[in-house]
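Starting from the given sequences, assemble the full structure and let the hints guide the process.
Sequential numbering of the sequence shown, starting at 5, is according to our numbering.
Heads up, some of the hints might be wrong.
To be verified - Derived BS3-like pairs (lysine-lysine); straight-line CA-CA distance at most 25 angstroms:
1) LYS21 <-> LYS8
2) LYS8 <-> LYS60
3) LYS61 <-> LYS8
Said to hold, decoys possible - Beta-carbon label-pair distances, calculated as ranges:
4) GLN92 <-> SER52: 53 to 61 angstroms
5) LYS25 <-> PRO56: 34 to 42 angstroms
6) TYR96 <-> ASP9: 33 to 41 angstroms
7) SER52 <-> LEU89: 35 to 43 angstroms
8) LEU88 <-> LYS60: 25 to 33 angstroms
9) ASP57 <-> ARG20: 27 to 35 angstroms
10) LEU89 <-> LYS25: 24 to 32 angstroms
11) ARG64 <-> LYS8: 24 to 32 angstroms
Just so you know, the hints here were simulated from the structure itself, not pulled from any lab data. Think of the CB as a built atom: it goes at the ideal place given N, C-alpha and C, for glycine as much as any other residue.
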Amino acid sequence: LMDKDEIRNALKKDFRKLYVKEYTTNWEIERLVREVEIDVMGLDNILSLIDPDEIKKRERWVVGEELCILIGNTMLKDTKAGILLGEQLRDYMNHYLKGQALKGEQ
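Structure representation (structure tokens):
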């Protein structure tokens, strides 16, 4: 999860590219003003768009997908059992990440 300093630095980099000699008169002053504004901003609106639970859920999904591929491809490579196991793991991960119980787990 990004912290406020990382977000500020990213915004500054974008504005530095925007306020350059070729595109803006008084570009040096504009760039300085924008960087000061970014430094004093609370960034609450940007941070409200970042849902830490959703980010964690996506990270778990990526790890689960990689696990499914790893198990399916290495332990039981190119076999029906490997393919079936991979599909079952993907199904389990999909339900797990949605917070749903699979049949028999309720």
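Here is what the structure says about each hint:
| no. | hint | in the structure |
| --- | --- | --- |
| 1 | LYS21 <-> LYS8 | holds, 20 angstroms |
| 2 | LYS8 <-> LYS60 | holds, 18 angstroms |
| 3 | LYS61 <-> LYS8 | holds, 22 angstroms |
| 4 | GLN92 <-> SER52: 53 to 61 angstroms | violated, 38 angstroms |
| 5 | LYS25 <-> PRO56: 34 to 42 angstroms | holds, 40 angstroms |
| 6 | TYR96 <-> ASP9: 33 to 41 angstroms | holds, 38 angstroms |
| 7 | SER52 <-> LEU89: 35 to 43 angstroms | holds, 41 angstroms |
| 8 | LEU88 <-> LYS60: 25 to 33 angstroms | holds, 29 angstroms |
| 9 | ASP57 <-> ARG20: 27 to 35 angstroms | holds, 33 angstroms |
| 10 | LEU89 <-> LYS25: 24 to 32 angstroms | violated, 60 angstroms |
| 11 | ARG64 <-> LYS8: 24 to 32 angstroms | holds, 25 angstroms |
This entry does not satisfy hints 4 and 10, going by the numbered hints stated previously.
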